[in-house]
Amino acid sequence: MAYQKHTLKNGLRLITVPMPSVESVTVLILIGVGSRYEEKKINGISHFLEHMAFKGTQKRPTALAIASTIDGIGGEFNAFTSKDHTGYYIKAAKKHLPLLVDVLSDMLLDSKFDPVEIEKEKGVIIEEINMYEDTPMRKVSDIYENLLYGDTKLGRDISGDKDVIRAVKRENFLDYIDRFYGPANTVITIAGGIDNQASKLQRHKEAKNRESKTIKSVEEYLGNWKRKKPLEPELVDDKQEEPAVLVHFKDTKQAHLCIGVRGYHLTHPDRFKLAVLTNVLGGGMSSRLFIEVRERRGLAYYVRSSNEQYKEVGNFVTQAGVDVDRIDDAIKVILEEFIKIVAGNIQYEELTKAKENLKGKLTLELEDSRSVASLFATTELLEGKIKTPEEIFAQVDAVTIDDVAAVAKDIFRQNTLNLAVIGPFKEESRFIRLLKF
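Position 82 of the sequence shown, counting from 1, maps to 82 under my numbering, and the rest follow consecutively.
Careful, some of the hints might be misleading.
[Unchecked claim] Each computed EDC-like pair below joins lysine to aspartate or glutamate, with the alpha-carbon atoms no more than 16 angstroms apart: (1) K250 to D163; (2) K122 to D163; (3) K94 to D163; (4) K169 to D251; (5) K426 to D251; (6) K426 to D325; (7) K426 to E336; (8) K355 to D402.
[To be verified] Label pairs and their computed distance ranges (CB to CB): (9) T135 to R433: 24 to 32 angstroms; (10) H6 to D368: 21 to 29 angstroms; (11) A65 to Y348: 31 to 39 angstroms; (12) I291 to A65: 49 to 57 angstroms; (13) E336 to L109: 48 to 56 angstroms; (14) I339 to K95: 50 to 58 angstroms; (15) E390 to R179: 35 to 43 angstroms; (16) N415 to T267: 23 to 31 angstroms; (17) P269 to K95: 39 to 47 angstroms; (18) K95 to A406: 45 to 53 angstroms; (19) R166 to N415: 34 to 42 angstroms.
No lab work stands behind these hints, which were simulated from the structure alone.
As the structure is a prediction and not an experimental result, all values here were calculated from the model.
The beta carbon of each residue, even a glycine, is placed where N, CA and C say it ideally should be.
All chains should be modelled from the sequences, with the hints used to inform the complete structure.
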């Protein structure tokens, strides 16, 4: 997939990704800061700030003014916050590209942070936190990372603490932006359609002209953004000497669990091997865990595996919603599947299916300009290097049975086993005894 990268004088990186036959365009602004940069006294402000960006700017003074502008062109817009980055995007018909850049840059640089709106939005944020608390399927992954990383910036919840949210003032937002928002740790990606009906030479000329106009548009709105040195996050220690359990009591009819081990960091050379291993274990309805835990034993409604990767650490996790009376059996069966894959009994057909599944899912995502913008922006921002779909496919294709077996032996260790549970349980000791290979 072809792309162009341009760096403005202030350090802002612009990536343009033409997508033939696609009529939409997505503009995504990704900033390299999230909840893992927050001190305890401002935990949750990254997420709160994302909300406030839609509440009015100097040019568009109300949330209605912003929403009406995008609704008026049939566009969609949203934002998201993670532990290490924050994103704002608008997707609309490609003819509206200049307006999308205008609105997003306006929200980024000139949000009002009206004290009245801040007070109102506090209630919204707190209700969002309450929603997560009442949704164990969503909350259990937070509990799992609380267990892994403890009371550190990386271990705390993205949504924040209710008492902190209640105490946030306008000055906190302005200080946070001054400290962490800057062009040097920001990537803007524009992905979308081009006219592929013209001749090849004409298309090339039109593409170059369009790229030049896009650069000028971005420079017009963001070229004067003051350059500053981006701050680095505090690194966490990933050492673990013995299995650990964290139980969150909730009187539920179904227990939700996350069980896993320490994994690989974001740029680890074996991360694609781990991705294939993860898919073999819990990547779909024909994966080992789905078949064994749900189909054969009837122990869970859902069961899946995934990886979370950060700059210096990572983790592998299997999550499931299980019968509270059979949770011990579910844990044992999941651990048995871990043991089997460590033993190396992986079939060629199974490996091929897992690799094709990963590539196929990415292929489907690449039909959406928002997904394309996200892929290019995220790899550039977090890894410091754009990783194209073709490069990802090649690294997945290169994985062998021996690679998967070696990664399994490397990560599945009894001393790094971790289990987080939400359900009608109070004693962690009853689960500790189960965490053994």
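Where does the structure disagree with the numbered hints, that is, which hint numbers, in rising order?
-> 1, 3, 4, 7, 11
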